[in-house]
Amino acid sequence: MNPAAAHVQDQLLDFAYGELSADQARGVEAHVSECPSCRQALDEIRGVRQVMAKLAQPSAPPEGLDSLLAYAEQAARRARAGAPPKPTWWRRWIVPVGGLAAAVTFGIVAHEVSKAPHLQNPRERMIAEKLNAKEEVAEARALSAPGAELDRQIPEPESDSQFSEGLGGESDDRFGSQPVEPGAPSSGGLGSRGFEVFGTGRDPRAGKAFLKEEKEVARNRSAEKRKDPPETRRAEIRLRSEIADEPRPEPGTVGKVQSANRGVGSGISGGPAAPIGQSEPSAPASSAQARPIAAPSAPANSVAERSSRASSAPTVSAPKPAAPAPSAPEGSAPRSSAPRPSVAAPSAPAPSASEHSARASSAPTSSAPERSAPKAAAPAPSAPESSDPEHSVRVPSTPDSAFGAAAPPEAQPSTSGRSGAARPAASPSAPPTGAATASVPKRSTEPPSADEAPSAAPGAASERSAGERSIAAPSQRAAAPSAQSKKKSYDAVARSEERESVALRDDSKQARGADADRAEAEALSRKAETAHREGARAQEAQYLREALATGVADANLVTNLLLRLCDAELAIGNTLEGRAACERVVREFPSTNAAAVSRRRLDESRRAVTQEAQPLK
Amino acid sequence: LRPAISDEELMLSFRGGDARAFEELVLRHRTPVYQFILRLSGHPARAEDLLQETWIKVVRGAHGYQPRARFTTWVYTIARNLCVDSARKESYRKAESLEAPIGADDGDGRSLGEQVADSGENPERGAHNRRLQPLIEAALRSLPPEQREVFLLREYSGIAFKEIAEVTGAPENTVKSRMRYALEGLRRKLAELGVDGDLSEDGRTAVG
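Heads up: the sequence lines are chains A and B, in that order.
Each residue of the first sequence is one higher than the last, beginning at 1 in our numbering.
Each residue of the second sequence is one higher than the last, beginning at 1001 in our numbering.
Quick caveat, the hints were computed from the structure, so don't treat them as lab data.
Here are the computed distance ranges between Cβ atoms for each label pair: (1) Gly1016(B) / Ser67(A): 21 to 27 Å; (2) Ser1142(B) / Ser59(A): 24 to 30 Å; (3) Glu1184(B) / Gly18(A): 19 to 25 Å; (4) Arg607(A) / Gln1066(B): 31 to 37 Å; (5) Glu1184(B) / Ala555(A): 32 to 38 Å; (6) Asp603(A) / Gln1066(B): 28 to 34 Å.
From chain B, some residues computed to sit far from chain A (all C-beta separations above 12 Å): (7) Gln1066; (8) Arg1068; (9) Ala1069; (10) Thr1073; (11) Thr1077; (12) Val1084; (13) Asp1085; (14) Ala1087; (15) Arg1088; (16) Lys1089; (17) Glu1090; (18) Ser1091; (19) Pro1144; (20) Glu1146; (21) Thr1168; (22) Gly1169.
Just so you know, even glycine gets a beta-carbon here, dropped at the ideal spot from N, CA and C.
In isolation and in its complexed conformation, chain B is listed as follows (with noise of 0.2 Å):
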């Protein structure tokens, strides 16, 4: 359902007082800016703090909010930037794996892939996905930050080339350039750990 009032519309709309457009923005892109920043930081407790930053940036921001560029590229903006921030800071401390368990406060014991893998519904797929989910993420948590911030916006968010290259602030062949590495560096880190195309079901694509 491709909605008809566009995003920047609601934002203006925001901007000019009306608070459920504003929630009709958090309906549309929460979710999405939460799957990028987890996938990004790759700490659930963290993204989650980043994604509360990231909307009250943007409310922040809303009085002085112009149309220039789509809203998607504002707000993955604001969210790809506090993560490079937040990896800065935690640059000092020990990364946390994403094999290894996150801890007690977050959750069971599990890795990350094994807690978003329980998120199907089919007791078969989803103990296909428990199988996948680490392999995928493995492969994922391969990738250099600025490949894996690319294929992250283009493959999960949706976001298009030209977009992703006002959000990182490189230009759109370097984007280019970044996804193909991305491509390319996934499939064999995939080939390497035993996983190729054929896992794939019904051979759907996450997002276009």
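This is chain A alone, in the form it adopts within the complex (with noise of 0.2 Å):
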């Protein structure tokens, strides 16, 4: 191009694209009329655009519209029930917040538990209080003093009550719950810590202390079999040992303290009666398996019936708490199911302190805490079940339900569109039937396809004339049931369209050329746009009719004006002449995007239909 027409070259650019004004275009036309460079500039670029323009022009391929509409139609639906809620900012701040101070708490219990001193070796501490209360008991004998009495001359360790107000405050309610005769005799002549817990009645919560503690001794007993000292064994050993050695008590003492047990044995019947009697069996064979359990009158509580369980207690407990250990948090599942055995709780004597020790790292041994743990947490798994339910009703019933109150109702037109009466209401502008001539154009009398056209009712209609049709439909309309009114209806508008499309068309091409038809047509068209922004989309649909009835051969404006055509109808409850404008569209113009929303509208409906069909059934 020629530089010396630069000053106009930015200028030529833009009149030859047309972006500029009347004014400026009118100036530059003038220019170039005068300046020989900026002619050939311009014819250049004229030469190269006309080239250029045969360029084929591909049109879209349909697929994957049909998934970007629904696509799309999801998002208008999402649009429609409202954004979703913006989170707050406490919302978002919740999470991490409360995250951390979880993490803070439990790194403040922590702490708190690693300080306090009667948590810090339980099992020493335990030994020691041990220690303490057989010198007790044995100066309680020195002095041959009743139980009742010495019971309340023995002072209660004071680090018992810390340690059951430490472990046993609010965990474990098995105990508490019991009934507890205020008025049973308390404990005595052993006068063990065991069964100043259970025998006292006192505090409901030194069961539950006792439990734990029993518990905790088996935990720690469990991580310090494998590198426990031997001293530290030695001495519990030779502890128990020199408790079995004692002198057997007097029979009164026995006596009464068989009478507290039995209170207390009532008391806790389910308590830890049960793991010993289920563990006791795995003990070797010693006059506590041949105890008698259901005899009251048993001197159950003999020491040398304590010395054999004593003396079994290391052989037993030893290979045993090392399987229990992880078992022992699942403690508290036999709380909830598992019944357990109280055949030994009247008979069977508060056990010593050792045997406490033995039951505790035996009991998770058993089988019915095993047993019965999965059996109460199976119910777990059905609480979010049950809330799945609400959750899976929820959510199909949106999509259809928005879909239904966009779709037109199929039971207007159904019941009155398609009548006689009503036909005429829908289609102001229909000629009456005589009108119809045999001139029918063979393109519009063709059935819709067959998917969608109720049977071959309408394929039967297309090889007739169209006057022979308009007399054979009033008579069909009176004669026909009501189940095949809905195939004959279809046939109905399609002729009826016909009718006016025909009548329409022949008058305009007397009259007009092709050009003109198009003009009338796009101002019907525009106004069929004014009517839809207004929302009359009965006159929307009128203006699209007349605006098809010119007689437009222009397949860009016929298929537009027929989708929107096929919409008006939809949105107004004319089902069957929506459907037959898709379905013209589908027929002859059926490679083309418009003919894919064509089908997706026609399968809208169909769904629609069939959403309303569903509750009538």
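Given two chains presented individually in distinct reference frames, assemble the corresponding complex, making use of the accompanying hints.
Here is the structure:
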């Protein structure tokens, strides 16, 4: 291009592409007419454009259009439902702050627990307590005082209350909820700490504390088994053997203890007796096994028996704690489900301190907690399931209802819109039937698509002439049963549409040429757009019908008009008319995007009809 | 036919939950956008993917749509950016020639130009186009990408220079310069290929 024309290059480009205002265009035109270089530059631009205009313009493939429109409809549905609420600032921070608070709380608790002296080494502390208790028992025996008095004399270790408070305060209410007779005689004679806890009945939490203590000891044992210095274990065994070697108490004392135990046993029937009964068979044969459990009068609390238990305890409990230790936390499971055998409770004596430890270690090995633990946990998964149905019900209802709200109801047109009386109201411009001449174009008489057309009725109708159909239609309407009214009304709609288009087309083709048809169709289309904006869909449909009746041949325009007519008719409830318009697009322009949209609308219409029919069933 | 309802109004309707408005937008612009993507990327299968991705982005961005610019500007910006990204991703691969067979999956072994030329209905015109299409495609392909995109947007999509500047992110004067260079380059290339304005039968241009 000539550099001499650089001063109008920009304007030449704009001028060639029509981007200049009218005044500027006139100025450039005048300049070009006088300036050969600019004229040459403009001719070069136009020449290139003319050649490049031959580049083929392929239409977009319809693949993916359905999914795109479905996605858009989903988005539109969401938009109709309202945007999701924006998370407020505190909602955004609640999770991290909550997590931080939980971590801090856990850290404080862990720190406090580690600082507590009575929790640092409970086992050593327990041994010391037992030694103290043993001394006190010996002292009490020396005094030969009655059990009740002894109980009063023997001071309760201060640490016990602390221990009970610290461990059994709130978690386990098995014993606290059991009825303990206030006046029951407290345990005497043996004066062990375990008896104090079980027998006094003064503090219900004492029982809980004892169980907790047992668990704690069992846990510590299992943890220390591997690394315990043998001295500690030996000291404990020594202690137990010493207790077992104690002289048998006097019968009166034992009887009192038994009566006290009976009271306690009735109060703790669900207590630790069951594990003992179940774990004892695994012990070596001893008098404990042969002990008549059901005999209340038997000296079950005899020292010999305790001796056998105590002596067997190390051998029994030594290998066991390793296995039950992990299941110790499951000890709460039997609380809910496992009915513990209470057979041992009335007769079984309150065990000695050493027996408590053996029991604690063997308790988790019993099969009852293991079996009942899954049972207790079994209902847990049902909780989310129970909440699921609510969620699953909510999800499918949303799209359907939203779509149903948007789709025109089928019942309205099917009941009233297809009757002979209602039809003229739907198409006021429809000419009288006599106006339907025999010059119906074959294209417009084609039946709707096979999948949509209700059976072969439209196909047969297409074979007939318009006049025949106009005559036959009223008689058919009169004689048609209600089941076939849909087919016939569909046929009638197609016929009335053809009549409209044919009559108007004939008139217009006589008077105007194709350009005039197009101009009129465009004018009517604009009117329809205006009506659409104002929400007058019926008026819009009327304008569109008139625009189509002009006989305009431009495929793009016809497609546009038909699609809009389909939308308008469906919107005002004229389902059959809407379908007919969409099917015409599918029929006449099958490989276009408009056909894909039409197919989609037809599917939606069918779905809406199906959804409305389902509640009726 | 100038639509009474503008693209921007349709987009706002779609933002408000009117799915029909989106259908109308798709009917208006899907094919032009596809043609732009096809010419810019030069790969039919990839063009389909990019086209779908473009419209999905339109749907996703509908909730935040503000009619500050024309809808077409927005859509072509999305399409153009996707094409640029795709070209970057594919840059390490061997670029497929427009004359080279597209592949067994994409067609029957004919070139893109030959496939595109089949859209003519008139047999004479079809034959003429089949002869002309590869040359035009070759001329178009000879343009640098920045010139080609400007030419495609202006010539085939009917986007004004000012809007092309928004789409490409380049100043309007730069856009016009690229357009001038593109026209000059096409003229030279077509002359090399023996194509001139005489091949044009009716003297019409594509857009405007």
